[in-house]
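For the record, the sequence lines run as chains A and B. Note that the numbering used here gives residue 236 to position 26 of the first sequence, counting from 1, and the numbers run on in steps of one. Note that the numbering used here gives residue 1168 to position 232 of the second sequence, counting from 1, and the numbers run on in steps of one.
Treat the hints loosely; a few may be bogus.
Dumping the calculated DSS-like pairs for lysine-lysine here, alpha-carbon to alpha-carbon at most 25 Å [unchecked claim]:
| id | chain 1 | residue 1 | chain 2 | residue 2 |
| --- | --- | --- | --- | --- |
| 1 | A | Lys251 | B | Lys1413 |
| 2 | A | Lys251 | B | Lys1117 |
| 3 | A | Lys222 | B | Lys1484 |
| 4 | A | Lys212 | A | Lys222 |
| 5 | A | Lys221 | B | Lys1128 |
Hints in this document: simulated from the structure, not taken from any laboratory.
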Amino acid sequence: MKTNLAKANNKKLKVVQINGGHNILKKLNSMGIFDGSLIEKIASYNHGPVIVKVMNSQLAIGRGMAEKIIVEEV
Amino acid sequence: MKIVLVGNPNVGKSVVFSYLTGYTAISSNYPGTTVDILKGKTRLCNNECEVVDVPGCYSLEGESVAEKVASEIIKSKDYDIIFNVIDSNNLERNLLLTLELLALRKPIVIIATKTDIAKNKGIDIDYDNLSDILDIKIFPVVATAGIGFSVLEREVSAVFNNFKLPVPKIEIPSDITEKWKMIGEITLKVQKIYHKHPSFLERLEEITTTPVTAIPLAFVLIIISFYVIRFIGEGIINYVFDPLFNNYYMPLVDRFSSFFNEGFLKNIIFSKNMTPLEGFSVLTTGIYVSFVVVLPYVFAFYLILSVLEDIGYLPRLAVILDRLSHKIGLHGYGSIPLIMGLGCKVPGIFSLRILESNREKIIAASLLFLISPCMPQSAMIFAILSKYPLIYTGIVFVYIFFVGILASYVLNKMLKGTSDDLFIEIPPYHKPVFKNLVFKMRLRITQFLLDAVPFVMGGILLINILDIFSILDLLSKYFAPVLNKIFSLPAQTSSIVMLGFLKKDVAITLLAPFNLSLKEIMVSCFFLVTYMPCLASIFVLLKELGKKITFYVIVFNLLISLIFTFIFSQSLKLLF
Ligand SMILES: Nc1nc2c(ncn2[C@@H]2O[C@H](COP(=O)(O)OP(=O)(O)OP(=O)(O)O)[C@@H](O)[C@H]2O)c(=O)[nH]1
Ligand SMILES: [Mg+2]
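Work the whole structure out from these sequences, hints included.
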């Protein structure tokens, strides 16, 4: 089932689509978040940022940006 | 020969730089410590080489000021060799930049740092194999301990003496997804991760990331930090510096002053009253303010800040503050410049570079001046209100905080657009390295002494001279009615306001000899802290954000300060 990263459960996820402009895409891509990449959501703040594990590092992603990242559970 | 140190943020470039050059570059455990280039001569190859510490970047297409500074230097190709610093705990993510660098076809070697931490985490990298695949030299090191550099030195010297530096030949795909695919395949071949039980630090990471535990812990930590700073600061003052000053220094000055005849010179240097916080003498008040009142607090603040920085707590605090920050137009990382600003505004303004949009920089800059009195100011407020119950000091600080938040809330509504989203890497916790702490403390304290002491002394000297020539009285005539009518402050305080923007803590000290009432002191403290940035920070702001923004920030500042000083003075009148 597809959902956005802000709503997804704290689990291993696969990125299926990024609904953002060129800038956001570039930023996410350079940190290893791109169509098809595997990430793990590890925490989520109420109305606040989402924390994910990408490759071997942890990233904090603001809610607005997290909503633009569409993922599915793997 | 010119070497550039290039790599992702927080991989250890500044530590490597300090090792290679023998200088001290500030290094901390959060991305975005270095925001400007640093240059130095290295001991490698007979002191003939220059090394440049470049701000960290994830790719050559970065958007923040610091990242743009980096990619500009790298793309200029105005150097002979790249030292690509990578974090061995994060091989895969780091390799993207490495591939981009390889595509530039400039001579390059890799320095892999933090191999000590990687080993503990069960990360095993076959560097020889990686070196073969990428067709470049790789040097695994423990940068903080200086391990692994001798091989680097030997090899690099040999390469330099050869003078023909090899250029990488490996084929690099141009598309970013293709690059990630290539990286995935390489990583699979060279890296093995063994499962280890989570260490103490890793457990701590977990409970400070999970909201239910992280938020209350942050509260507790902030309160503890506040008390520890006060405890250390007060302790040093009461048990060390104040006794030293009174028992050893004062008698010396007394003796010294008796050599002078009454008159002009004596008045300038010693003034009429030599008691430090009553009179206004260069040799007593000047020394007392800089060393006895302010230095202990500066020391205590930077000690706590440096420990938190090195452990890696700041990015986690930023995450927790993110939601609140959005209400005033910032994202969580905007709290980093504000925290720096609690020490001194100047590094605070520099670290505005980690923010991307001008909108955020304007808000953060305004907030920086309104909400966070720098340590010397805070210490002086503590000192001047110390003879009253602590609650009054509390009121002043809470009011400053409240006005700052309100002002940036308004600013956020006034400015077009919305705030950016937080997007930061959260580094794993590190055990603070003692040597690094000492380095950093020494650097920051020296900086404080060099910047502050001459200003304090000079300011006091200036005031005494102005006083003798009755210029102060003249100034007071013009400003007094304003201050008097609006804020109900006595006429003499106007001369202080004039001096206030030269150096705030001096200005607050100046309040002491005037026998102000408690109310008047509280109002003056608020006004002096908020009405205008000090001279040094105006210069830096001009350099960083340009004339127009600086002008707006200052005007906004003054406006808010005038309005809220008026409100403060009126409400205090009502209260008592
Ligand atoms: N244990 C260990 N810690 C290291 C090593 N190298 C760097 N560190 C730590 O890693 C953190 C980051 O180091 P910096 O030198 O500030 O990193 P940087 O690459 O300059 O970071 P930016 O300026 O933010 O781009 C600091 O806390 C260092 O003490 C290492 O080899 N071993
Ligand atoms: Mg650095």
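Results of checking the hints against the structure:
For the hint linking lysine 251 of chain A to lysine 1413 of chain B, the alpha-carbon distance of about 65 Å lies beyond 25 Å, and the restraint is violated. Taking the CA atoms of lysine 251 of chain A and lysine 1117 of chain B, the gap is about 22 Å. The hint holds against a cut of 25 Å. Our distance criterion of 25 Å between C-alpha atoms is broken by lysine 222 of chain A and lysine 1484 of chain B, whose separation comes to about 48 Å. Our distance criterion of 25 Å between C-alpha atoms is met by lysine 212 of chain A and lysine 222 of chain A, whose separation comes to about 13 Å.
At most 25 Å may separate the alpha-carbon atoms for a hinted pair to count; lysine 221 of chain A and lysine 1128 of chain B meet this at roughly 23 Å.
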